[in-house]
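A.B. asks: All chains, please: the whole structure from these sequences, using the hints.
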Amino acid sequence: MTEYQASVDNLILCQGEQTLCGYAQDATTTATHATSTPMYCYEKPTEEGGPTIIPPGEVEVQCPAGCECKTRAEAGTEPTWCQNQTTPCGTDAAGNQKYCIEKPAEEAQCPTGCECMDPDQAAGYESCLRDGNEIPCGTDTAGIQRYCFRKPAGQSGLSRIASAMPEETGLTAPSEQTGTTLSTSPVSIRDLYRPTRFIKGFVVIYSTAPLDVVAVYTAST
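Counting from 1 along the sequence shown, just add 690 to a position and that's the residue number in the working numbering.
Bear in mind the hints are in silico, worked out from the structure with no lab data behind them.
A hint or two may mislead.
Said to hold, decoys possible - So the derived label-pair ranges between C-beta atoms look like this:
1. 754 - 727: 15 to 25 Å
2. 692 - 813: 47 to 57 Å
3. 699 - 811: 31 to 41 Å
4. 699 - 834: 45 to 55 Å
5. 802 - 830: 15 to 25 Å
6. 713 - 733: 18 to 28 Å
7. 813 - 695: 49 to 59 Å
8. 828 - 771: 15 to 25 Å
9. 726 - 811: 21 to 31 Å
10. 731 - 819: 47 to 57 Å
Even glycine gets a Cβ: it sits at the ideal position worked out from N, Cα and C.
C.D. replies: Here you go:
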């Protein structure tokens with residue numbers, strides 16, 4: 691029976707262990723989003739003395755292929771339920787309910803000529819595809835999925851990065867120039883905040899983080 695039923699009947703776990711013996715289907719849910727409540731083996735109470743309910747311990751059953759057993763906290767904010775059902779598969783040592791969650795798509799190595807990038811930083815790049823699908827290659831520190839991208843043929847780094855420059859910098863994207871090189875000149879914080887006073891000929895490329903400069907370019911003379 692379920693833990694709730696056992697608590698109402700004042701029953702204890704059979705042999706002091708939480709042994710999973712089935713699931714009670716919630717009749718109020720739909721067929722495609724069914725919710726099941728785990729049931730465990732309980733002993734009938736003796737006539738002498740009142741039994742106590744033993745706290746749940748760690749228990750787990752096998753999930754279908756391609757799925758793994760995780761708590762809601764481990765699964766993240768938007769888990770993909772295995773077979774579109776919230777199927778309980780056990781509890782952890784603290785008694786938190788675990789569910790069958792689909793395993794994430796396997797991350798792959800980017801093909802030759804491609805690099806792993808955050809989509810927001812890949813302006814001007816082309817997606818590297820495999821079997822017609824984008825290739826996931828990892829996540830950044832914020833958990834954002836990264837994919838494999840390829841630099842278009844005939845496009846220089848300056849024109850690509852300039853096209854991705856945030857409008858709030860106040861800088862104008864330069865026209866393509868030959869002999870463009872990466873500058874090693876120092877850049878002050880004051881210059882970053884006052885782009886109109888920036889040395890003529892320089893282009894500062896910002897990332898999404900404040901004061902985080904991706905690159906500084908200057909046109910060769």
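A.B. asks: Give a verdict on every hint.
C.D. replies: Going through the hints against the structure:
Between residue 754 and residue 727 the beta carbon distance is about 19 Å. The supplied range of 15 to 25 Å therefore holds. Checked against the given bound of 47 to 57 Å, the beta carbons of residue 692 and residue 813, roughly 53 Å apart, stay inside it. Distance hint for residue 699 and residue 811: a CB-CB separation of about 59 Å, inconsistent with the stated range 31 to 41 Å. Range check, residue 699 to residue 834: about 49 Å between beta-carbon atoms, so the 45 to 55 Å window is met.
Taking the beta carbon of each, residue 802 and residue 830 are about 23 Å apart, inside 15 to 25 Å as hinted. Range check, residue 713 to residue 733: Cβ separation about 20 Å, and the 18 to 28 Å hint holds. Separated by about 58 Å at the C-beta atoms, residue 813 and residue 695 satisfy the suggested range of 49 to 59 Å. A beta carbon spacing of about 24 Å between residue 828 and residue 771 agrees with the range 15 to 25 Å that was offered as a hint.
For residue 726 paired with residue 811, a C-beta distance near 43 Å fails the hint of 21 to 31 Å. At about 52 Å, the CB distance of residue 731 to residue 819 agrees with the hint of 47 to 57 Å.
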